[in-house]
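Use these hints to put chain U onto chain R, whose structure you have.
Number of protein chains: 2
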Amino acid sequence: MLAPWRSPLSSAIHRNRSKPHSRYFQLATVTTEGYPANRTVVFRGFLELEHYLNTLKIITDARSAKIKDLENQALAEVCWYFTKTREQFRIAGKLKLITATETNLELLQARKTTWHNLSDSARSQFAWPHPAQPAADQSAFEIDPLDPNLPLDNFYLLLLIPQKIDHLQLRSDPQQRCLYTLENNLSWSTEFVNP
Amino acid sequence: MLAPWRSPLSSAIHRNRSKPHSRYFQLATVTTEGYPANRTVVFRGFLELEHYLNTLKIITDARSAKIKDLENQALAEVCWYFTKTREQFRIAGKLKLITATETNLELLQARKTTWHNLSDSARSQFAWPHPAQPAADQSAFEIDPLDPNLPLDNFYLLLLIPQKIDHLQLRSDPQQRCLYTLENNLSWSTEFVNP
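Those sequence lines, one after another, are chains R and U.
Counting the first sequence from 1 gives a position; our numbering is that position plus 533.
Counting the second sequence from 1 gives a position; our numbering is that position plus 533.
None of these hints come from the bench; they were simulated from the model.
On a predicted model such as this, the values are computed, not experimentally measured, just so you know.
Virtual Cβ for every residue (Gly too), placed ideally from N, Cα, C.
Everything hinted at is true.
Selected chain R positions facing chain U (in silico; Cβ < 7 Å): (1) Ala561; (2) Val563; (3) Tyr568; (4) Ala570; (5) Asn571; (6) Thr573; (7) Ala609; (8) Glu610; (9) Cys612; (10) Thr616; (11) Gln621; (12) Pro664; (13) Gln666; (14) Asn727.
Footprint (simulated), chain R over chain U, 3 or more residues, beta carbon under 8 Å: (15) 562 to 574; (16) 604 to 612; (17) 620 to 633; (18) 664 to 675.
For reference, chain R alone in the conformation it holds in the complex:
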């Protein structure tokens, strides 16, 4: 069943669709040292599987620093601000990595489909030199198009399984704020609170 926050989130995505940056959000994790980390990632849609119905898809590179963060602490908070409608969704939840060795066949297929649906240039980035290493020559970034049916091993599908949503609408007068909480991993509660 769709969670009750899916409708306002779908509406925000739809009403901000003229802005390509509305598909980006900021993903916060905690490093192994216990420090906060925060970066912009691209929303790749919801996972359309029965047991993962409200799960957000992100992609990442095995060589990215966030992999260490989530191996240590598999929790994240996404902050998704929609500039046109001036509303924010904070989405706290669990992270789950889907790699080439995933044993759940549906999740393994989701990884393949996500790779397939990327643009050539997005796929090519997984063949670029190692992120955050001293800058390589430009020629190292000139990659021939990769096979859309064969994900590279360092391509990971990253799932965010939401547990708590904080939806703030700045445009309302007064501002509207609503909390959605997953209770006992079963059902969602909804509470209107002060902004």
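Coordinates of chain U only, in the frame set by chain R:
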């Protein structure tokens, strides 16, 4: 002395000035439970004081959840994405709260000036009902303009003192990424790395 990342950041702020949301960024902290937290806040400019020259100003409410986060762990990472020029600054640093009981007179004055420069509606929010409590009646949000010379006690100036900057430019081909690191609290190193 201005840090070497101030020039590219100023340039980004200037070139994105037509977008009001370019003054917003996402501030990640760690909760007392060790969970990541992430929310959008407004950039209030740099602190123009000799010993805090590269320090970013934010404002917050004593009743906000982030106060507990930073009392426990006074570190943050800001993720600042500029939609028009398609570049991101990740700014990791220390947080410092300036309250009504601040003993450094220059910082106390900076708190007063920041309050003074807010709009009436921004000041009024500090007299709103307690954030995240069950929603109060609309009438509780109808606040007469507050004295611009008299900050409310729950108005806090929040300083971010940067220690590490990660600047990524998605528009370049290939993308450009530069790391700036404060060494021994003294001087900034600059390193070009792979995106």
